[in-house]
Amino acid sequence: MTASRLLVVGPISFIAVFFLYPLVAILAKSFGGGAVGLGPFQVLLGDTYYLGRIWFTIWQAAFSTFLTLVLGLPVAYLFARHEFPGKSLLKALTTLPFIMPTIVVAMGFVALLGSGGLVNTGLSGVFGDNAPQVRIANTLTIIFLAHAFYNYSIVVRIVSAYWANLSPQFEESSAMLGAGRVQTFLHVTLPLLLPAIWSSAILVYIFSFTSFGVVMILGGSQFATMEVAIYELTVKLFRLDIAGALAIVQIVFTYIFMLIYTRIQARSAVPVTLVHREAIAKRKRSIRDTLFVIGIISILLIVLSPLLALVERAISTNDGYSLVHFSALFSNDSGSYFYLSPLHVIWNSIRFAFMSMVIAMLVGTAAAYVIVRPGKRSSILDSLFMLPLVVSAVTLGFGFLVAFNRPPVDLRGSWLILVIAHSLVAYPFVIRTLLPVLRGMPPHLKESAALLGASPLRVFIHVELPLIARALVVGATFAFAVSMGEFGASLLLVRSEFTTIPVAIFRLLGQPGAANLGQALAMSTLLMAVVALGFVVIERFRYRDIGGF
Amino acid sequence: MTRWTAIASIMLVLAFTIACGEDEDSELVIMTHDSFDISETIIDEFETDNDATVVIQRAGDAGEALIRAILEKNNPSADLLYGIDNTYLERALEEKIFDEYRSDLLDQVPDEFEFDSSGHVTPIDYGYVNLNYDIDFLTENGLTAPETLEELTGPDWYESLVVENPATSSPGLAFLISTIAYFGEDDDYDYLDFWADMKANGVLVKDGWSDAYYTDFTMYGGDRPLVVSYATSPAAEFLFSEDPIESPPTGNILIDNATFTQIEGIGILKGTNSKNLAKKFIDFALGTRFQEDFPDKMFVYPVNEKAATPDFFKFAEVPSQPVGISAEEIGEKREQWIQAWTKVVLR
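Here the protein sequences line up with chains A and B, keeping their order.
Letter 21 of the first sequence, counting from 1, is numbered 21 in the numbering used here, and no numbers are missing.
Letter 106 of the second sequence, counting from 1, is numbered 106 in the numbering used here, and no numbers are missing.
Some hints here could point you the wrong way.
Claimed, not checked - With a Cα cut of at most 30 Å, we get these calculated BS3-like pairs of lysine-lysine:
(1) K297(B) / K279(B)
(2) K96(B) / K275(B)
(3) K280(B) / K73(B)
(4) K297(B) / K199(B)
(5) K73(B) / K275(B)
(6) K29(A) / K73(B)
(7) K306(B) / K280(B)
(8) K96(B) / K73(B)
(9) K270(B) / K29(A)
(10) K29(A) / K96(B)
(11) K270(B) / K73(B)
(12) K275(B) / K29(A)
(13) K297(B) / K275(B)
(14) K314(B) / K96(B)
(15) K333(B) / K29(A)
These aren't lab readings, by the way, just hints derived from the structure by calculation.
With the rest of the complex left out, here is chain A:
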């Protein structure tokens, strides 16, 4: 088999075996193994409740995406065009919300914006007892805010990676021709950035569309999305047929959205001149720029404040600050059979995340090359590759159990099932970060290298890899993050010795008591620390000396 054929067969068979097959298996089982009748669909579409869930899911995701873009773009600009001390750490911190378990974030919001939270106590302190109070718990507002909070780092990371390598020459010419800053941004920069903006918008839309925890925990039960309805139907009402029908509706809807999105994204691609980062970063900085940097950094710190509030709660006790909650994690006071040291749990999370990241990079890179191959079918394939992000953890988890349950491939209870599940939701990030760069790559580069007699492999290593390295790093970051934060499939699929950090946090919060809460927050703090460290390490990864631009 030639290398180029392997490139096509590899990612397609991965998705066929580990995604389509389990999905079909569980859907077939849900419909009772027989022919798929229209019955469940009629029940579904004839019921205004489910129609309402479908409509709510669609519009809340659209608005959340818009809000996330508006909040994310200025930050993307900051990271793309400015150098300042602590940049790499700040960058790692801004991506943290993405991996935090929702219930933990919800507690952060409560600590900050709840009735006894910092903001309202502050308001009462300043304005007295009749002070205006912020009350957004369990409203639609907090769902939008939380979606933006969770997802803005997708916009920041993907757009800034692209922006950083975009030659400033167009903007400079535009300025010389007398255009103002706003004009230049709207007519020159924005169109050039569109491929990357579309990339991140697709991901944000899918994440808001399939949002489960955010909506359930922060919004309360009145705001159920399709994802929540699928869980209810499967686990509590045992209507697997209607749940299956809803899952199919969800997949079809998203597939259509993806087709539209990916077409637009493909069309928006323009060949761009990618340049080394130093050429951009060493520009002179005006006072206006400095004010901008300080302004955005302060806003970022406010955005991160729910997380800081959690860390504060993790180290506070009745007698001031201490690390008792952390040390309590290390002792098995009750002698539980299930006890795992936090080091063991962290190690589980790290190794699963690393393996998922490696698989996601291989599959994602190959898939991205398949998509950009000339041909009409690219957006059909592109949309197909995005589907694992849409299917809920409950559906896919049960699908795995049904599909891989007999020798020679009985994966039930194995950690491998988890790594595969994680890579399935991780590789779409690699595809989305790579596509704008691959499409923007001027064809003459590869052609001249080939003309000079370089083999395809040499062209890839010496010409293409340096150009896509930055995007790959961003893809790897998210692949790692997705696995570190994944929760639904992890809870359902693995044996206790493979417990990951989010699952451990969830279990601590399964029982009442201040000590359990303290330990859960301590564990969350460890999660943030490990992930931030992971991000900084991935960021340091450079391809030879040129990869980092």
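Could you slot chain B onto chain A? The hints should help.
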């Protein structure tokens, strides 16, 4: 890249080899839900006495574990399923996933807990679902805990209660059933009228116990002083307090005929090849060693009347008159009840 490919493929091959080993008959796999907990020494004891290996797999919540067992019917990855309660029992029996087994030790279990007359699921533990309140909050606001469910619809308790969604949460369903037992289904003022009034009085619905308890209950920074939880929760608050305390910061509201008894049991999954070992485990789980071990881990009461509970269970008061709705009736009407409730409260 090539090195990574090599490493990845080696890892994949290794994993497949490891994962494909067949189960031995001396291995006993128990599938259960996330809240299950037991001492390591107890499991060690069983393993030594029976020359066996025990693997306990926690597979999501009780509903997810049951669905998994149903999907794996006749080809189970486990030998035993622990955690079937009286709200799920009928469904499990309908699917015929269990083999029959009646342990001799059931003699030591009061009749009221023998919830499966067909003899497939053996009761192991039970608990009560009821309202908890934040003692300090009520004292500071000059309130006394409600003594009837009707009081909850009054102005004193406006926007004061958080409940779990019966469509997604076990305590949520248990509380819904309590209100059905209390108000009835066809009375002049039935359970749906009560829930309509509760909605008007600002009841908050959350999908899970953890969210309700840790983000909305006033004890942990929320703004609801009343929460649907368990009769053992105040005892857990006592055990897991940060500093030693005299009595728990939360209290139980035990209203006659409005406190649901949740009984949990274990069953042998059809298709197991460790049936004798599975039977031995059920006997062992009904014995006092096992029964006295779990109360301070799972915060439930042992069904064996000879088993003692720890001292601090004095804070886990037992209701004098719990709800008397049978597992059969729940099995028959749960979907109808949940849908009717959802229409009134959420739509």
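*Quickly compare the C-alpha distance for K96(B) and K275(B) to 30 Å and report which way the hint goes.*
With a Cα-Cα distance of about 16 Å, the restraint between K96(B) and K275(B) holds, given a limit of 30 Å.
*Are the Cα positions of K306(B) and K280(B) separated by 30 Å at most?*
With Cα atoms ~19 Å apart, K306(B) and K280(B) stay inside 30 Å; holds.
*Taken at face value, is the distance from the CA of K29(A) to the CA of K270(B) at most 30 Å?*
19 Å, holds
*Within 30 Å, alpha carbon to alpha carbon, are K275(B) and K29(A)?*
27 Å, holds
*Restraint check for K270(B) with K73(B), where alpha carbons must lie at most 30 Å apart*: 7 Å, holds
*Would you check the hint for K297(B) and K275(B), treating anything up to 30 Å between C-alpha atoms as holding?*
27 Å, holds
*Can the restraint linking K314(B) and K96(B) be considered satisfied, given a maximum Cα separation of 30 Å?*
With a Cα-Cα distance of about 39 Å, the restraint between K314(B) and K96(B) is violated, given a limit of 30 Å.
*Would you mind confirming whether the straight-line C-alpha gap from K29(A) to K96(B) stays at or under 30 Å?*
17 Å, holds
*Restraint check for K297(B) with K199(B), where alpha carbons must lie at most 30 Å apart*: 35 Å, violated
*Are the Cα atoms of K29(A) and K73(B) separated by 30 Å or less?*
12 Å, holds
_Distance restraint between K96(B) and K73(B), which requires alpha-carbon spacing of 30 Å or less_ = 9 Å, holds
_Restraint check for K73(B) with K275(B), where alpha carbons must lie at most 30 Å apart_ = With a Cα-Cα distance of about 16 Å, the restraint between K73(B) and K275(B) holds, given a limit of 30 Å.
The structure is inconsistent with the numbered hints 4 and 14, although it conforms to all the rest.
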